[in-house]
Every structure is written in structure tokens, then in C-alpha cells.
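A.B. asks: Protein sequences appear in the order of chains A and B. The first sequence begins at 1 in this note's numbering and counts up one residue at a time. The second sequence begins at 1 in this note's numbering and counts up one residue at a time.
The set of hints was computed from the structure by calculation and includes no laboratory data. Each hint can be trusted.
Mimicking EDC-like on lysine to aspartate or glutamate, the simulated pairs with C-alpha atoms at most 20 Å apart in a straight line are:
#1 B:Lys-250 <-> A:Asp-46
#2 B:Lys-67 <-> B:Glu-383
#3 B:Lys-250 <-> B:Asp-277
#4 B:Lys-250 <-> A:Glu-98
#5 A:Lys-250 <-> A:Asp-277
#6 B:Lys-250 <-> B:Glu-312
#7 B:Lys-67 <-> B:Asp-407
#8 A:Lys-67 <-> A:Asp-46
#9 A:Lys-67 <-> A:Glu-379
#10 A:Lys-250 <-> B:Glu-98
#11 A:Lys-67 <-> A:Asp-407
#12 A:Lys-250 <-> B:Asp-44
#13 A:Lys-250 <-> B:Asp-46
#14 B:Lys-250 <-> A:Asp-44
#15 B:Lys-250 <-> B:Asp-264
Here's the letter readout for the chains.
There are 2 protein chains.
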Amino acid sequence: MYQLLHGLSIIEASSFVASPTAGLYCAQMGAEVIRVDHKTGGLDYDRSLLTAEGRSLAWENLNRAKKSVAIDLRSDEGRELLVELAARAGNLITNLPERSFLGHAAVAERRPDLVSVRIMGWHDGRQAMDFTVNAASGYPLMCGPEEWDPATAPPVNQALPAWDFLTGAYCAFALLAAIRHRDLTGEGSEVRVPLGDVAMGTVANSGSMAEMLYRGADRERLGNSVWGAFGRDFVSRDGVRFMVAALTEKQWSGLVAAFALADDIAALEAELGVRLDGDLPRFDHRHGLFALFQGRAGTLAWHDLSARLAAEGRTFERYRTMYEAARDPQLVTNNPLFGPSPANPSGFAYPAARSFANIPGRTAGDPRPAPYLGEHTEEVLAERLGLTQAAIGDLVQRGVARLSDRD
Amino acid sequence: MYQLLHGLSIIEASSFVASPTAGLYCAQMGAEVIRVDHKTGGLDYDRSLLTAEGRSLAWENLNRAKKSVAIDLRSDEGRELLVELAARAGNLITNLPERSFLGHAAVAERRPDLVSVRIMGWHDGRQAMDFTVNAASGYPLMCGPEEWDPATAPPVNQALPAWDFLTGAYCAFALLAAIRHRDLTGEGSEVRVPLGDVAMGTVANSGSMAEMLYRGADRERLGNSVWGAFGRDFVSRDGVRFMVAALTEKQWSGLVAAFALADDIAALEAELGVRLDGDLPRFDHRHGLFALFQGRAGTLAWHDLSARLAAEGRTFERYRTMYEAARDPQLVTNNPLFGPSPANPSGFAYPAARSFANIPGRTAGDPRPAPYLGEHTEEVLAERLGLTQAAIGDLVQRGVARLSDRD
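Just chain A, with the same shape it has in the complex (with noise of 0.2 Å):
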């Protein structure tokens, strides 16, 4: 891991993907983070997928490189040792709601210049999952094949939990945003991530809430082709399906070169009396270019094709299912993204991730595995709290601390 966070320990009281993602991007890069579970596990714990021996693999690779405490978070005295945890730390992360025991007011009363960054539904304290803001935010019925009835075309849900793992990220940012001003100010701050507010504040930071507006009504629809320029999926002779776009006149001049459609684009432009000369009409008369590449798409080969775009230095990509994507060596085997895998508590052995940033110069080192549950409550309530091994016996003993879920 790189250690740019080296020295930082933040406490994570965590569920399901938006909450972990940040505790896990600051884990990446060095910080020290302490994800702390009720003592059967927090309500992600058992997240499909599990292994045949019931370890979840969403779960293993969401908390990553992490530290583990489970006590009891249903009692006062479990709910007490998080809350000063916390407090000591200086830094949390959680989704757990403001009304609860760990609300930012009851914990900064022991420590005034806390920093608590907490995920939320929506702004108005409704729930919220990554499918409910996403319903909401239009994205769904703009997506699925551009020859549905736009009045009757059902929503197509994405695969990717996109706002959760936005929210996640926004979070890290907003985290050491919050620490930065504590550095230079001594002040702490409490802040307050919604996840429906991720959604529809970037449905306006990419301008498509002022173009519906603007509009008065909403785009057409689009099928696979991008928005504002020349792009779409085609599919050679031998039925490889690949993404292909153009968003600047250098990548089309390539693209046009590697279709070798110059003279047929030629006859198109005469025939409609335009210059497609511009992402704008390129854009407007697409469903003719489309045909043009998909014609000569049609006659080639993968093999062939995929030479002739990556002489040109094109931006194209194949389509994979996630199993092929997941063995695929230049995305993954050969991809120092990716580290040998460590001892997962899963026991099962694949590639792990290391921080999405490469950083000439410094280590990466091999990533390292997610605890088990409570592998580290013995070290972590000792080092933290200075509790004895008595102390700590006596918790577990009484069941409001428990130690690693190993065996």
C-alpha cells in the first residue's frame, strides 16, 4: 500500500458499499482504518456473494486492508467503547443516521475538533439505497435499445451500484477536506453526505439538468450511441461486439482511416449536402454513419479490425462478460492495479486491488486482506483504550466484546 496517509486513524461504523468505499480508499493509501461491527457483524456481513463456507466475498474485498473490532452494539457499554473510539480517533466514518448513539454532537462533546463525514439517504432524512436515487434521477429510463417507444420503454436499473461507490469517493475527498481545515484551524467539522444528493447534484454537474430544462422536455433517446458525438457499439463479421467513439477530429480522422470509409463518408456528406466536419453533425446524421461502419464493420474480421484500429492509435474496446473481463490479462493479470492475492478470510484465491492511483517513485506493496471480524478487538480496545488483558477478557467473557471469527 502507499502510505500517503500514513500517521491517520479514522474509525469506520459502516454497512453496505458507499460507507465501506471510503474507509477502503483510505485504507489504500496508508491510513489506519478501524472498521468497528456489532459482534455478529454488521447488516453487509453476510452480502451475497458467500463462499460454500459462508464467507461473502463482497464483504472481503470491500473491507480491504482494514483493522476489525466487534463488540456488542445493541448495549450501552458496547455502544459506549465505540463512541470513545471514535472520540480518541478524531476521525469517522459511518452511516449510521444522526439520531442514533453515535450522532456527531455525542461524540464531539469528548472531543470538540472531531471530523465526522456521514452518508445519508436523502437530505430530508427519507431512506435511500443506490436503486431508489438512481430511480429518481432519470438515468434509467434514458437507457436500454434506442428503438424502444420512448412512451412505453421500461427503466433499465444499472448493474453498477454507481452512486453508492460516487458517494463513497465524494466522502474520502470530504473526509480530508475536514481534516485539512482541523490542520490549519483547529476546528472540527461535521459533514453530511446524501446519497440521493450525490445523484441529482451530478445530474446537474454534467449539465443534463439545465439541457432538460433548457430543452423543456427530455433528450431523445440514444440507445448505445454517445451523446454530442460520434460513437456506438458495432459488431465485426465473426460477431465481436466493440465500443468505438470520436470525440475530437483527431480520433475521428483515425477511426475514419481504420474503417477506410473515407470515399463512402464523402458520398454521404454529398448526398446530404452537410460537412461532417464537427462532433454537432456528426452527431445529427449518425444513424448514416452508423450504417457505414457497421457495413464495413460487418466485412472484418475481429482479428483484423482491432489491427487496423490499434495502428491508428484509436480508442475502441471489446465488450466482456465480467467472467472474461475477470480473467483477462490486460486488465487484470497483467495490470499492476492488481497484487497477488492475500489470505483471505474467504480462504479463496484471486487477484486483489490495490489503490486505483499508481505513484511513480513510491512502493505500492502487496494488498493486503480484509480481518476477520474482530481479529483486531484485543489490539485495538489495549492500544486505544488502554484497556488490560483482564479488561478485555472480562468484555469478551461477558459477550460485549468478541475476538476474531477465524474458526
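Place chain B on chain A using the hints.
C.D. replies: Chain B only, in chain A's frame:
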């Protein structure tokens, strides 16, 4: 704007979505973000949708609250100005290639503790865009109706450029992590974030890569169903389509109560000979459950059904088109995420987004507009590089620098 990053100055040499987004998040948190563009605008300056007057609604939302410097980036003299601005600021966000005049080493020669964050395509230097890394990731072949034959199902691209936005947020995080490291050690960092690694790393972090490798196959098609739990879209008697899901026992029991399905589910359990008392059995027997829920939804008007769901505190959301979402009181008009329209370059007035985070006790302030291209050329060259009015006038006259394109 919140001022958590007050005092931080960042040079952004950007185009498209990911790189401008990283700067946007910093600007919305109070950093001074100076976007430096070629004098006629970057590659993204004319991105759709354009207003009748030719202003890009995408650009003016992705560059909100930034300053703009416009110089001739094709000339050595203009490039020298950008390199010197980046060296003076000490913080750089860019998606220009490493092998360009703005490579890390070229700037760090003048500023050894430079922090640069560079967005790349793939880790190996190949170009990539949101749509092409998405094709590689496996997600597009997991989206779309459940009934499509897996062998022939076409890919469904996301209308949301999720990888761009996630990369932008991650880069804002990585920038602050590297700045924190410099604050503590004095060392600069060169941080490279490949768009393709954000996608493949997310496939891994979500647990899906491990899942596919463990299965030795792809996941079954799910359509709009939630993976590993109960959830899907349903349609009310009056044709309102909505998303609903239950990830916890409390959510499930509330959902059953709202739909008044306790007896029907007990009958289904008896028929199946299983207890539907957890995420996994409910997922495994989802088709039977979906039939019950859709049956009930089809007998209820949305007004009634949504009131029942709200009364039970359940997580649900009506699908909106994006045009509907953009005018929704709960999502936009009455949401404190959005502030009054500032004086946008387009002249078009619409709700403007603040930072995704809200911070009780601090002043959010009104959202600020994007700059006109070159609006801050004079101010920045004078303040940052100490150029005199005469020297700046000379640069403008010779076409090396350009002032505001307002008129």
C-alpha cells in the same frame, strides 16, 4: 460555498468530464481552482448541449466556481506560462498526457514538492473513455431485461458516465492525500489515476470479480432485480413505475405490511416448503415474490400505495424522466443542495448545485457561476506571475493570452 479548502490554489489543465470534476469538487469546497485552457477553449468547450448562442451547458456546470485563464497552448510562450503557473501553485490536476509539455518532471524541476494528479486512459498508456472502459468492465452485458437470452443479449451502455465521475471524485481525494503527505513531510507526489483502473478496481472492490471467479461463470441475468436480496421495479394500478427494495429484516417486514401480503407470503412459504426469512431465500424465490408484489401493486393507485410505503418508513422511489426530476420540488426546488441561479455564461437561469456535502454550522453560501473563457487571465497573470499590465497587454496583442470571451 463552504471554505474547508480555503487557501488552497490548484491549476487545472483539463478537458471532458473526469478531470474537470476533480477541480469542481475542490472549488465547491472553497479552493481556488484556476482552469487554464487553450485560447479558443479546450476540447470540451463546445460539448453538447449548446444554447442558441453557442454556450455549452455541460461546460458551465462542470466548471462552476473556477477561474479561467486562456492562453495559446500551442505556442512555447503560452506553454511556459502554464508550466510556471503550475509550479507556483504547486498543485496540478490534468488529463494531458505524461509525455507532454506538462509532464510531472517538467513542472517539478521548478517546484520539487509539486503534487500532480494526472488522469490517464488505461494503465499501459492506451487511450480510453468512459464508454470504452465500461465495455471492458462487464457491466453493459449485465444490464437490460431479465428475459433477454444471455447468449444474444446486447450490451446496454450507461447514460451516466459513471467512470468519469468516480474518477473525478477519486482524484480529488488523491490530491488531498498527496497534499497532506507534503504538509507532513515536505515531499511532492506524482499521482496517476487511469480511468480503466478505476473501472476494473471497482469491479474488484465490489466483490464481483471474486464472485465470477468463484462461480467460474457469469452471474445469471437479473434485469432490474437487486442482487442477493429482495428488490425490483413494480407498476401501480395507474401505471406509476417505482423501485422498492429490502436489505434488512426491518425493511422487509415494513414492505410486507405496506403491501398487506403477510398471508400470501405465508401461503407461498407453505407451498415452497421454505421460510423466506432472509435475503438469500427471498432472492432465490424472487419470482414467486415478485408475482405477489406486482399482483398487489396492480390493484392499488400510486397515491394509496406510496402513502402506505411512506407510513411504514420504507425505501422506495418513483421513476422519473430526467426532465421530471429536474423540476421535482422534493429533489430540486426545495432541496438545499441547490441554490439560486448565478449569472451563468449562457445567460440561461436554472438551479445551481452546491457541494454534495452539507456541513451544519457552516455557511453554504450561494453557488457561483462558471467563468467566461479567459475571464481571469489578467488577474491570474498579474497576481501569480507578477506580470505588469503592459506585459499582459503585449501578450494579448500578440495572441499569446486572451481576455474574457464574454462579448
